[in-house]
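Engineer: Each chain is listed here by its residues.
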Amino acid sequence: MNWQNLLTLPVYDLARNEKQSIFSPALLTLAKHHYQHSDDYRAIIDSVYPDFLQRGEVPALAVRLFKHHLLKSITEQEIFRITTSSGTTSQQVSQIVLDKENAMRQQKVLATIMKQWLGSKRLPMLIIDHPNVIKDKFSYSARGVGIQGMSLFGFDHTYALNEDMSINLDAVSQFFDKHKRKKILIFGFTFIIWQYFIQQLNELNIHFDVDEAVLLHSGGWKKLQDKAVSNKEFKSELNHVLSNTKIHNFYGMVEQTGTVYVECEAGYLHCPIWSDISIRKKSDLTEEKSGIEGIIQVNSLLPSSYPGHSLLTEDLGVLLGEDNCTCGRKGKYFQVNGRLAKAEVRGCSDTQS
Amino acid sequence: MILNLKAIPVKILLPVAHSGDIETTLICTPFSDKLINELSLLGTYLMSRGRTTSSIVATGYWLRKSHLLSIKSQYPTDELQAKGMVFHIAPGNVDTLFFYSMIISVLCGNQTLLRMSNDLNEDAQKLLKFINQFLSESSNIILLPSLMTVIQYKYNDQVTAEISACSTARVIWGSDQTIENISKFPLSTILQEESEVSSNNICFPDRYSVAIIQLDDETDIESASENLLRDIKPYFQQACSSPKVIYWLNTAQGLQDKFWKRVSQHLSAQEKLDVADLMSQLLFVQRLPLLLNTQKINKNKTLLKKYDVIQVVEVESLTLDSIKSHTGLWVLLSKQIKHLDEIKLFEHCQTVTMSGLDQSDCLSWKETTPQPMKRVVPAGQALAFSHVWDGVDLVKELTIKSF
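For the protein sequence lines, the chains are A and B, in the order given.
Going by this note's numbering, the first residue of the first sequence is number 1360, and it counts up by one from there.
Going by this note's numbering, the first residue of the second sequence is number 4, and it counts up by one from there.
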């Protein structure tokens, strides 16, 4: 695959036919690359999807596979880094094998996408978390990786929370004072921003006058599913404590780091040129129509060192349209509705539940 | 001794009108007429109330008087005494298996306390509800409410320890891990008739089961498919006794194909997997080629054949990992054999079902094979509960022989 050319493509400008003429053949090429270089991927294809690649079809792997098996399309010597997801529902974590090239491409693509939303200059950055979340080597997890990844787009990184998750009012006030009349970047995880930032400021009855800010958040509600609020409520409450702040949620996962799906002004998540989604029916996992909730499948051209190019996630979402979002961006746009309820455990051997 | 359930964090599910106190030494004569009578009345009640739920009808049917008497006839019941208080830790989710564990214990006259999992499925809840209704509607039922208690509690070492300390026997259903965790809490030793009764753990660890099928022509398909369905449909094929591997003995591929179509047709008409189960099924099917291709057994060719909700994976050989990671949900590992001697079972094999095999071949294999299975039953009867389970004689284990 010619990444030099692929990287020059505009992020949100290609309409369906144009995009597919580039994306589909590239995805198939990538699948064949993994078939050649990963024994495990080849075993899965040969056993479960024997004629798919010849037919030009790329089957999606269950994202949980990466929690059970170390899948890689490179040699031991070429491993540059193994990233892991935080295990929120089980102790098992996803392990993603990266070589240098793949890791760098993830960074490059993430940066290109973020520039669309932040502009090309680094911004003063407020991080809604505590500083130790990235220091602890053992919890070098999705949260730490996410913060580190996003840190590249900011400077004067300021952490808004103390280690006990209480708000560090001094640091926050100082930050806003120091960067008055400047565009600033705020980043954090959805449930942390809600519980430890918005709610604490509300309780203290404090709000900050901000001239121009972009707040990016991601990660959903995790264990706080019962406390989840709608995107609309999240935004209105946030604007209550911070004025003049543009809020963008984004959807992404450690298994496909780089190709994130950012929420537009109209409130929908958009596919960048290097990745695409489809929705699978809840009844039989075949393709679902737009407008109906199903399981999100994510396809990305980035994974070259591990066969994570086509994944069936455990997230529920709805495809809302393609090329016709009111925000003007081309490509598919969609919403994420949450995680699939955990599969019921049955059988003789689980007596401790 | 009194065990006060109100003093520990447990929830009492049965009987609803429980005082909260259990007299741990209150027992009765094993297989007494009165016990058998009360249990068979419960059986009649369950069969009529549970009509629409096959697993509940099965429990009622199991309690018919003639069946209870036939179990009794296998033991010198005059010489038997109840063991005392028996603490049962029920299997997580095989909906109604808990019931049999409890009933055998009561039948043996024991003070029976059963801990159920915290997520009860519909069938288990229904069964509990019916038993409760039976107990409160029938004024002449006296022994059962005083001998059986069902509780739930969030897994808690202290509670387990406290109950265990009052119990003379413990029945543990679960994974090796669960068994190990629970076994570390000591049981009580009590004096009975001036002799010390040894306390014991009766463990039912995780097991797997297989089926051997031979089809000679198309006329064999209907009954063979119905029998397999009976063995794999309940509990989403997740019961230890449901076959996970099919050994095809000298059966033409065309017949196998028709067989699977028949099974899937029947199954799809009755059952559906929800989306979370579909995802787990897909995950396991994708994991299988990796679980089957360990370094030792390389180039183990596997091939998936989809029959709607049923996923048949043709394999050349099996690995322990592929069995241990099996999550039911109607995935069947299929292996072709020419001779019964080709069957190699793992140590934890429980049930072998047989369908369409020559009787004398079956018999001689059963008698001569060194394979470690616990029981061989005709297809369709894999889930039929017996008081001798996994080779453990529950009546013997839950009573004391008096001299």
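Check the hints yourself; a few may be wrong.
Claimed, not checked - Just some of the chain A residues that point at chain B, by a computed CB distance under 7 Å:
(1) Gln1395
(2) Asp1399
(3) Ala1402
(4) Val1407
(5) Ala1421
(6) Leu1424
(7) Val1452
(8) Lys1641
(9) Lys1648
(10) Ile1651
(11) Asn1696
(12) Leu1699
Stated by the list, open to error - Quick list of simulated restraints, FRET-style, between CB atoms:
(13) B:Asp324 / A:Glu1437: 25 to 33 Å
(14) A:Met1463 / B:Gln180: 41 to 49 Å
(15) A:Ala1587 / B:Asn159: 56 to 64 Å
(16) B:Asp324 / A:Thr1434: 37 to 45 Å
Simulated from the structure, these hints should not be mistaken for laboratory data.
By construction, the Cβ of each residue, glycine as well, lies at the ideal position given by its N, Cα and C atoms.
Engineer: Run every hint past the structure and note whether it holds.
Structural biologist: Taking the hints in turn, this is what the structure says about them:
1. Gln1395: At about 17 Å, which exceeds the 7 Å cut-off, the nearest Cβ of chain B leaves the hint on glutamine 1395 of chain A violated.
2. Asp1399: Holds, about 5 Å.
3. Ala1402: The hint holds - alanine 1402 of chain A has a Cβ within 7 Å of chain B, the shortest such distance being about 4 Å.
4. Val1407: holds (5 Å)
5. Ala1421: holds (4 Å)
6. Leu1424: Since the shortest Cβ distance to chain B is 6 Å, the answer is holds.
7. Val1452: This interface hint is violated because 16 Å lies over the 7 Å limit.
8. Lys1641: Holds, about 4 Å.
9. Lys1648: Violated. Min distance 16 Å.
10. Ile1651: violated (13 Å)
11. Asn1696: violated (13 Å)
12. Leu1699: holds (6 Å)
13. B:Asp324 / A:Glu1437: 25 to 33 Å: holds (27 Å)
14. A:Met1463 / B:Gln180: 41 to 49 Å: holds (42 Å)
15. A:Ala1587 / B:Asn159: 56 to 64 Å: violated (29 Å)
16. B:Asp324 / A:Thr1434: 37 to 45 Å: With Cβ atoms ~24 Å apart, the hint is violated.
The structure does not agree with the numbered hints 1, 7, 9, 10, 11, 15, 16 stated previously, though it agrees with the rest.
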